[in-house]
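Visitor: Spelled out, the chains give:
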Amino acid sequence: MMYRFVFEKRGTASFISHLELGKVIERSFRRANVVVEYSEGFNPHMKLSFGPALALGCESNGEYIDIKLSETAVCENLLERINACTPPGVRFISYLKLPEPHKSLGNIYNLARYEAQLKLLPADKAKFEEFMQSEQCVYEKISPKGRKIVDVKKLLVENPTLVKISAEDYQLNYAVLLNLVGGTIKPAEFVTAIFGSNIARNGKYCRNKLCSWN
Amino acid sequence: MKKIEKYLNQVTKPGRYVGGEYNSVIKETPVELRFALAFPDTYEVGMSHLGSQLLYSIINARENTWCERVYCPWIDFESVLRENKIPLYALESKDPISQFDILGITLQYELTYTNILNMLDLAQLPIYAAERDESMPLVLGGGPCAYNPEPIAAFFDCFLIGEGEEAVHDICDCVINWNQSGKTGGKAALLSALSIIPGVYVPALGKHPVVKRVCRNLDAATGKIVPIVPNIEIVHDRAMLEVFRGCTRGCRFCQAGFVYRPVRERRLENVCSMAKQLLATSGYDEISLTSLSSADYSQIADTVKCIQKDGSERISVSLPSLRMDSFSIDLAKLVQNVRKGSMTFAPEAGTQRLRDVINKNVTDEDIDSALTAAFSAGCRTVKLYFMIGLPFETDVDVIGIIDTARRVERLFRSVTGKGGVKITVSVANFVPKAQTPFQREKQNTAEEFSRKHGLLREAARNCRAVSLKYHDSATSCLEGAFARGGRELAPVIETAWRNSAKFDGWSEMFKYSVWQKAFADNHLRLEEILAADYSTVSVLPWQHISAGVSSGYFASELLKASTGQLTADCRRADCIGCGVCQELDVEVVDWGMSQR
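Going down the list, the sequences are from chains V and A.
Under our numbering, read the first sequence as residues 36 to 249, first letter to last.
Under our numbering, read the second sequence as residues 4 to 599, first letter to last.
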């Protein structure tokens, strides 16, 4: 039976990449002795599927994963058992049994809400105003796969907000679409597009929530 | 953590620098001794090292001691540390290394020496032992390279020669006693107290004779091992269990074969319960039964069966370093039933004559029967390890390497009736090591290695099944210089490091010109060091360090090598007189003895 789990990823765990997270969770479930079903075939592996990838170094208040548990695995203190066996920073918060058939995580969640903790000077604040006024904001994504131009403004469904926390500390709240052609943008890239890479490099990022957007 | 956090988005693989792995140990209550265990290479390499995992468990099992880890930062993170004046720290507490009582550095490979200096410097400690006072950590070295510690002796306060499981307690206790005495007598008093511990070498006290430490009973020495499970991918990402230590097959080139004597097997019951516990506490789905020659374990078949029964069919077992002669069809089938992988064998030399010279005890028939077994069990990819530059080698032996690979290809055709086998031929450059019968033999020059690489390439032309890989000649030469060099090399290592040599074992980082200049600046020539004739040297640089094997035995083995005479394995037969058991008061432990 397929279960949908919600888990958070904080502190040192934010440095576990999306690719490596599968292994980390598989090992946690094995240590917890929570039996997961395996695929058939030549090279059997645990049946897990993840939601939209989270950028390396970004924390999250709630990530989703679908896991096919064996019938005997579900018990009253399931979350406690799993959380006793996860590495620091990975904590399972809740779970739900899925009806069959169900939509896959990638098809449900297409909007991600982020919070970025930034240190800003008055001049940087002006850059934010500039961004808000502009029609478009072109950003060149550079990855090992090559370069890609995206209009950051097109990824937004609502206006970002910039909240002052203390003298130089600000929190940027924003939401970006995940499944547009040309791909989405990582939090550090988003902040770079507005404030430049020096601000982005020293930022602290957290994915607050994954949502559905029509 | 607060201090480094904001820089982590700037570096590749930040997971290397943050700790937070499952089973890593945080001690909240104060301890009497803080031990930083260092591996002078990247996190991914160091975390794959069983010896470090063992020591970490053993030291942390002591209530009064906290052991933490530190690895060599990659160049991007090194820049971050240097630019922001952040001292090198331990992964668990994030406390600076300079605050620790002991910095234990494992010496696995000669080409990590510049990384050691870099780590000391990043820790804001003087690189030379003589410049470090009693407020700084005691810098302790150990591992295979400690069998000739002289090139790096000036950087270390002491070395442990031999096995650490029991000796590490003696060293910790000694430092605790000295700490509690208010460090009476200063560092000099500590060093002289340490030098009394069997197996401990203190270079500052001169070249005093030291005999290696050895554990009589492996089961008793280790206790419970709780493996740290990495969050990021590492080189050997699986549980590791040493089923026995030592190997007395007696390959004459092999340092491990001489320095880890005698063979001591774990009991089957202990291996099975350890495997069960390792898998349960780690969550790994793969376990590697590591040893110098795993298939020689008298209880190997029962071990594999036992692990697979306990862990359901989901657990895969890997057996590294299988020998070609002890390999059975049953074993191949047993370990391949979950995931079909590639199999690795090490014929080491391309002709029977040269295999006899090195006492490999592998015949062409052995190769055929082992590979027939592997191929009929479904294996389609084999890796074959060879060496060039061995003593008494001729070009016929070099070309014989490719002949052997071609024979394996034909064998695959005749066993399976089709083509499509992949054969990787991996050729290493032989580097004579201390504490072996070949310790006085000449090493090939870089030109000689390159010429032989050419012979191999030529011979392997038009052979589609074979992919040929060989090591860089220059790095082998450097390795050779350090493997048998003396104290005169310390300034060379320092000069090279000051001219930015680091991660010399990484081909993309190795700068040969920096090394050539470092030798020249110190009025030495690498070519001359390598051409040195050790056969007539009366006192070898490592003469005072003993692995328990007598020098007379090394001489007689060399003589037998020159005429291709074999020496039998003493594991399940008569004593061959190497001297280890008598010298160290230990015994061979082999649970298959009674059945024979």
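Take these hints with a grain of salt, some might be off.
As the list claims (entries may be wrong) - Distance condition first, Cα-Cα at most 27 Å in a straight line; then the derived BS3-like pairs of lysine-lysine:
id : chain 1 : residue 1 : chain 2 : residue 2
1  : V       : K58       : A       : K520
2  : A       : K312      : V       : K239
3  : A       : K227      : V       : K162
4  : V       : K58       : A       : K97
5  : A       : K6        : V       : K154
6  : A       : K16       : V       : K183
7  : V       : K244      : A       : K312
8  : A       : K312      : V       : K103
9  : V       : K154      : A       : K312
10 : A       : K97       : V       : K154
11 : A       : K312      : V       : K199
12 : A       : K279      : V       : K82
13 : A       : K312      : V       : K58
14 : A       : K9        : V       : K160
15 : V       : K239      : A       : K97
16 : A       : K421      : V       : K58
17 : V       : K58       : V       : K239
18 : A       : K227      : V       : K58
19 : V       : K160      : A       : K312
Claimed, not checked - In silico contact screen, one side only, chain A against chain V (beta carbon under 7 Å); selected entries:
id : residue
20 : Q13
21 : V21
22 : G23
23 : Y25
24 : E289
25 : A380
26 : G381
What the hints assert, rightly or not - If we take Cβ atoms under 8 Å as the criterion, some of the chain A residues that face chain V in the derived model are:
id : residue
27 : E24
28 : E137
29 : I235
30 : S285
Simulated from the structure, these hints should not be mistaken for lab results.
Because the structure is a prediction, the values reported are computed rather than measured.
Don't be surprised by glycine CBs; every beta carbon is placed ideally from N, CA and C.
Visitor: So, for every hint listed, does it hold in this structure?
Guide: Status of each hint after checking the structure:
no.: 1; hint: K58/V - K520/A; verdict: violated, 46 Å
no.: 2; hint: K312/A - K239/V; verdict: violated, 47 Å
no.: 3; hint: K227/A - K162/V; verdict: violated, 58 Å
no.: 4; hint: K58/V - K97/A; verdict: holds, 26 Å
no.: 5; hint: K6/A - K154/V; verdict: holds, 15 Å
no.: 6; hint: K16/A - K183/V; verdict: holds, 23 Å
no.: 7; hint: K244/V - K312/A; verdict: violated, 43 Å
no.: 8; hint: K312/A - K103/V; verdict: holds, 24 Å
no.: 9; hint: K154/V - K312/A; verdict: violated, 57 Å
no.: 10; hint: K97/A - K154/V; verdict: holds, 24 Å
no.: 11; hint: K312/A - K199/V; verdict: violated, 60 Å
no.: 12; hint: K279/A - K82/V; verdict: holds, 24 Å
no.: 13; hint: K312/A - K58/V; verdict: holds, 23 Å
no.: 14; hint: K9/A - K160/V; verdict: holds, 21 Å
no.: 15; hint: K239/V - K97/A; verdict: holds, 19 Å
no.: 16; hint: K421/A - K58/V; verdict: violated, 37 Å
no.: 17; hint: K58/V - K239/V; verdict: holds, 25 Å
no.: 18; hint: K227/A - K58/V; verdict: holds, 24 Å
no.: 19; hint: K160/V - K312/A; verdict: violated, 64 Å
no.: 20; hint: Q13; verdict: holds, 6 Å
no.: 21; hint: V21; verdict: holds, 4 Å
no.: 22; hint: G23; verdict: holds, 3 Å
no.: 23; hint: Y25; verdict: holds, 4 Å
no.: 24; hint: E289; verdict: violated, 11 Å
no.: 25; hint: A380; verdict: violated, 15 Å
no.: 26; hint: G381; verdict: violated, 11 Å
no.: 27; hint: E24; verdict: holds, 6 Å
no.: 28; hint: E137; verdict: violated, 34 Å
no.: 29; hint: I235; verdict: holds, 5 Å
no.: 30; hint: S285; verdict: holds, 7 Å
When the structure is compared with the earlier hints, violations turn up for hints 1, 2, 3, 7, 9, 11, 16, 19, 24, 25, 26, 28 and for no others.
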